[in-house]
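Asker: Sequences and hints are given; from them, build the entire structure.
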Amino acid sequence: MVMHELGRVRVLDFTWAVAGALFTNLLGWMGAQVIKVESRNHLDRQRHQPDPISGRPADPRFGTHLFRSVNANKIAVVLEVDNSEDYQRALRIISVSDVVVANMKGGALARLGLCYEKVRKVRPDVIVLSSTGFGESGPWRDYRAEAPTLGAICGLGDLTGYPEAPPGTMLTSFDGANAMYALVVLLAALAHRARTGEGCFIDLSQAEGGACLAGDSFLSFLATGTQPHRSGNADDVWAPHECYPCRGDDQWVTIVAQSEEEWRALCEALGRPPWTQKACFENAALRVAHKRQLDAFVAKWTRQHTAWEITEMLQAAGVSAMPVFSAADVFADEQLTHRGVVEWTVHPAGGVAPVMRPPWMFARKKWKPATPSPTIGEHDAFLRHQLLGEGD
Amino acid sequence: MSPLQRENLPGESMVLRDVTVLELGEGVGLGYCGRLLAGYGADVIKVERPGAGDGARYVGPFPKGVPHSESSGLFLYLNTNKKSITLDVEKADGQHLLERIVPHIEIILDGLPPGKRASLGLSYEQLKVLKPSLIMTSVAPFGQTGPYKDFQATEIVIWALSGYHHLTGDPDREPLKGWGNQAHYQAGVQAALATVSALFLRDVTGEGQWIDVSVAESLAVHNGSSLQSTLYGGAVAKRRGNKGGDNYPNTILPASDGHVQLHFGAGGLRQVAELMGEPRLADPKWDDHPISHADELDQLMLPWLQRRTKFQAVAEAQAAHIPFVEVLSPAEVMQDEQNQARSYFLASDHPYAGRVTYPGSPVRLPACPWENARAPLLGEHNREVYVDRLGLSPRELAILSAEGIV
Chain Z
411 MVMHELGRVR VLDFTWAVAG ALFTNLLGWM GAQVIKVESR NHLDRQRHQP
461 DPISGRPADP RFGTHLFRSV NANKIAVVLE VDNSEDYQRA LRIISVSDVV
511 VANMKGGALA RLGLCYEKVR KVRPDVIVLS STGFGESGPW RDYRAEAPTL
561 GAICGLGDLT GYPEAPPGTM LTSFDGANAM YALVVLLAAL AHRARTGEGC
611 FIDLSQAEGG ACLAGDSFLS FLATGTQPHR SGNADDVWAP HECYPCRGDD
661 QWVTIVAQSE EEWRALCEAL GRPPWTQKAC FENAALRVAH KRQLDAFVAK
711 WTRQHTAWEI TEMLQAAGVS AMPVFSAADV FADEQLTHRG VVEWTVHPAG
761 GVAPVMRPPW MFARKKWKPA TPSPTIGEHD AFLRHQLLGE GD
Chain L
422 MSPLQRENLP GESMVLRDVT VLELGEGVGL GYCGRLLAGY GADVIKVERP
472 GAGDGARYVG PFPKGVPHSE SSGLFLYLNT NKKSITLDVE KADGQHLLER
522 IVPHIEIILD GLPPGKRASL GLSYEQLKVL KPSLIMTSVA PFGQTGPYKD
572 FQATEIVIWA LSGYHHLTGD PDREPLKGWG NQAHYQAGVQ AALATVSALF
622 LRDVTGEGQW IDVSVAESLA VHNGSSLQST LYGGAVAKRR GNKGGDNYPN
672 TILPASDGHV QLHFGAGGLR QVAELMGEPR LADPKWDDHP ISHADELDQL
722 MLPWLQRRTK FQAVAEAQAA HIPFVEVLSP AEVMQDEQNQ ARSYFLASDH
772 PYAGRVTYPG SPVRLPACPW ENARAPLLGE HNREVYVDRL GLSPRELAIL
822 SAEGIV
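Note that the protein sequences, when read in sequence, are chains Z and L. Just so you know, the first sequence maps onto residues 411 to 802 in my numbering. Just so you know, the second sequence maps onto residues 422 to 827 in my numbering.
Bear in mind the hints are in silico, worked out from the structure with no lab data behind them. From the three backbone atoms N, C-alpha and C, an ideal C-beta is built for every residue, glycine too. It is possible that some hints are incorrect.
Stretches of chain Z that chain L covers, calculated by requiring three or more beta carbons in the stretch to come under 8 Å of a beta carbon on chain L [unchecked claim]:
| no. | region |
| --- | --- |
| 1 | 413-421 |
| 2 | 597-603 |
| 3 | 680-692 |
| 4 | 729-736 |
| 5 | 769-775 |
Cβ pair distances, simulated, as ranges [unchecked claim]:
| no. | chain 1 | residue 1 | chain 2 | residue 2 | range |
| --- | --- | --- | --- | --- | --- |
| 6 | L | D709 | Z | E692 | 52 to 62 Å |
| 7 | L | D716 | Z | L453 | 41 to 51 Å |
| 8 | Z | P467 | L | T730 | 29 to 39 Å |
| 9 | L | L551 | Z | R702 | 50 to 60 Å |
| 10 | L | A740 | Z | Q703 | 48 to 58 Å |
| 11 | Z | R455 | L | D624 | 49 to 59 Å |
| 12 | Z | S669 | L | L798 | 20 to 30 Å |
| 13 | L | G486 | Z | K688 | 54 to 64 Å |
| 14 | Z | Y497 | L | D624 | 27 to 37 Å |
| 15 | Z | S505 | L | R521 | 41 to 51 Å |
| 16 | L | G472 | Z | E722 | 46 to 56 Å |
| 17 | Z | A575 | L | G486 | 19 to 29 Å |
| 18 | L | Q727 | Z | Q687 | 45 to 55 Å |
Answerer: Shown next, in the form of structure tokens:
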């Protein structure tokens with residue numbers, strides 16, 4: 411029998427949308443039994459949101475394509491917690507569970523009668539994790555948040571963009587980062603429980619999770635008294651450090667020379683054309699100061715080649731370079747394919763569903779095969795009969 | 422208790438307090454992983470090159486712009502709560518010393534390039550002989566396997582591979598990288614998570630693990646919806662400036678004194694129409710694919726925004742349950758009332774950099790607070806680790822130091 415990290419852990423999962431679902435999906439990968447609780451009046455919105463491909467609302471039984479990936483490795487039950495019979499059921503499940511998680515807005519768990527103080531009465535060593543936009547305290551506790559707004563509130567929106575243009579929407583996944591943060595701490599809390607027998611309440615602010623990813627911007631402000639600024643793809647210290655156009659439609663390559671040695675290697679790889687010998691490109695500080703001029707020369711060269719021709723030429727010379735991948739390129743890519751980043755599961759909706767595996771690998775343990783995302787209330791019978799021991 | 426484990430103080434309840442970690446190698450992802458483990462109570466010993474120390478000591482930003490190896494902002498942020506020892510693992514005597522340390526630790530965080538580790542004799546299989554239950558977490562730009570494993574990479578190159586670079590920026594301009602080192606921070610969080618999960622697996626199976634974290638994958642796997650669409654054979658998403666998704670508003674627009682990130686709430690455009698007192702926003706003609714009417718909708722929303730400061734606009738929208746927020750600069754984030762109320766930013770005194778303020782933990786465990794000790798000086802804990810805990814004599818340490826091993 412293969413043993414898993416969390417093979418004996420049961421999680422009652424009140425999360426929804428992407429951020430919460432991703433978090434409990436990872437718990438499932440680690441072997442925990444994740445029981446996804448839904449209300450028929452308030453289904454996970456990823457069940458019926460418009461599908462990005464068809465533009466039509468998804469079939470709620472199966473959800474959007476993203477739903478199918480982030481809800482793999484879970485079982486699903488329906489509980490209307492505002493109804494007293496189902497509320498009692500929820501408490502009875504909690505009494506045989508280890509962890510309760512939710513990503514409703516601040517204060518919502520308490521309104522449902524599921525705050526830490528309440529649920530620890532039925533399960534004294536329970537761990538309750540609440541992931542909210544702005545945390546369970548403070549003047550913004552009840553404010554609402556969405557993934558793009560987290561980038562703006564944590565400083566990264568102001569810093570990301572073309573130098574002369576307004577701030578940009580940050581696309582990186584704060585959902586992903588916050589799911590990971592939540593898990594690090596949840597595992598630490600489980601370890602703490604194993605040692606002391608104590609449960610605890612965990613309060614995650616997604617806005618603060620975003621700000622951690624901008625950590626050095628605050629130090630920069632404090633150290634120098636000036637704000638870092640939007641600088642497109644540029645670096646303050648090294649040049650070239652840019653994304654250059656290549657042969658083809660909307661094809662780009664990133665090139666970075668992060669030492670004088672790499673700059674010389676880049677010049678060699680280009681065949682040392684006369685512009686590389688100009689005094690104004692002699693050292694990194696000068697190249698940063700004359701970036702516009704430098705980029706024009708480099709772009710003139712990159713336009714004559716494909717992004718892969720340039721990447722191969724420069725990587726062989728020890729210079730950082732990589733084509734800018736579209737979403738399609740990411741999955742055609744031999745590196746990610748080689749590492750098995752996507753797992754295909756047979757899905758009850760028909761066909762197969764691609765599921766993203768966790769972004770790390772153990773050298774001596776394979777991930778267990780993913781189970782497909784559940785339909786609404788698919789495991790109600792399991793819950794009533796096996797877990798709660800109710801008759802028909 | 423092995424000699425390298427520190428004594429538990431009475432009342433100490435740090436969640437990872439029994440865990441000793443050796444951080445061997447450089448880079449933002451690895452350092453951030455160590456920072457998280459140290460913040461939640463692990464005893465993280467950072468191994469630095471004798472003389473120069475970690476590369477992050479030379480990156481800055483520096484107080485008043487004056488470079489000093491003890492006051493680089495990046496180093497101070499990445500290394501809070503850690504100890505520093507110096508050790509040259511490229512010399513045979515340095516490796517012998519490392520072999521004496523390994524039996525007393527649980528975890529190695531490894532940032533050596535894949536090829537170099539093997540040539541130094543520091544592979545997982547070799548180290549495991551010294552500590553059978555050893556967990557080693559290796560963080561590399563493209564991971565330990567596959568055709569790119571020896572490629573050179575920096576943050577922007579990782580963005581390029583993740584698919585995010587292609588999606589960020591204006592449609593008619595070059596793709597845009599997100600600010601800073603976000604891919605590497607994400608990889609650090611994931612490495613920390615994988616490391617703690619391996620402690621659980623060790624407790625179940627008795628075995629350690631070698632964990633392989635790829636910074637490139639760390640970012641790519643989160644590129645959720647656009648990748649899913651592609652995997653299902655749909656159209657490949659394109660850059661759309663600040664406008665995301667099909668629903669609207671989902672963009673950044675100017676208020677009277679700065680920018681607001683607008684996002685629709687549960688009530689969609691009708692809710693925004695009511696907030697702004699602009700009935701034309703509720704017209705059913707926008708219902709089919711609202712994003713395709715973005716320019717007309719922006720014109721209808723701008724007058725309301727421009728009569729308000731960004732803070733007024735957000736307060737009114739949030740009161741109406743619509744998730745608008747201000748676009749905040751780093752200085753504004755630090756002064757923000759929510760962050761103040763939750764004491765998110767923590768300060769500690771540093772002998773060279775003075776009082777340094779940085780983000781704390783995004784997660785509060787009232788039972789187990791985040792530790793807040795300054796980053797170590799180069800080799801600050803040589804005596805504690807080599808003499809007090811490993812049992813070398815002060816004279817032996819002095820000789821190793823004179824030989825440049827420590």
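Asker: Evaluate each hint against the coordinates.
Answerer: Consistency of the hints with the structure:
Figure legend: the region 413-421 of chain Z, annotated as covered by chain L; annotation consistent (5 residues with Cβ-Cβ distances under 8 Å, at least 3 required). Beta-carbon proximity to chain L at under 8 Å applies to 6 residues in the region 597-603 of chain Z; the threshold of 3 is reached and the given coverage holds. Interface restraint, the region 680-692 of chain Z with chain L: violated (0 residues with C-beta to C-beta distance below 8 Å; minimum three). For the region 729-736 of chain Z, the proposed coverage by chain L is satisfied: 8 residues have a C-beta within less than 8 Å of a C-beta in that chain, meeting the threshold of three.
With 7 residues having a beta carbon nearer than 8 Å to a beta carbon of chain L, the region 769-775 of chain Z meets the requirement of three or more and the stated coverage holds. At roughly 58 Å, the beta carbons of D709/L and E692/Z sit within the given window of 52 to 62 Å. Hint check: D716/L to L453/Z, Cβ distance near 33 Å, so the stated range 41 to 51 Å is violated. The given range of 29 to 39 Å is respected by P467/Z and T730/L, whose C-beta atoms sit roughly 37 Å from each other.
Take L551/L and R702/Z: their Cβ atoms lie about 54 Å apart, and the range 50 to 60 Å holds. Between A740/L and Q703/Z the beta carbon distance is about 51 Å. The supplied range of 48 to 58 Å therefore holds. The hinted window of 49 to 59 Å between R455/Z and D624/L is violated, with their beta carbons roughly 37 Å apart. Between S669/Z and L798/L the beta carbons are some 26 Å apart, a value that agrees with the proposed interval 20 to 30 Å.
For the hinted restraint 54 to 64 Å between G486/L and K688/Z, the CB-CB distance of approximately 28 Å leaves it violated. At roughly 35 Å, the beta carbons of Y497/Z and D624/L sit within the given window of 27 to 37 Å. Between S505/Z and R521/L the CB atoms are about 49 Å apart, so this pair conforms to the stated range of 41 to 51 Å. Separated by about 37 Å at the C-beta atoms, G472/L and E722/Z break the suggested range of 46 to 56 Å.
Roughly 27 Å separates the CB atoms of A575/Z and G486/L, a value that falls within the hinted 19 to 29 Å. Take Q727/L and Q687/Z: their Cβ atoms lie about 51 Å apart, and the range 45 to 55 Å holds.
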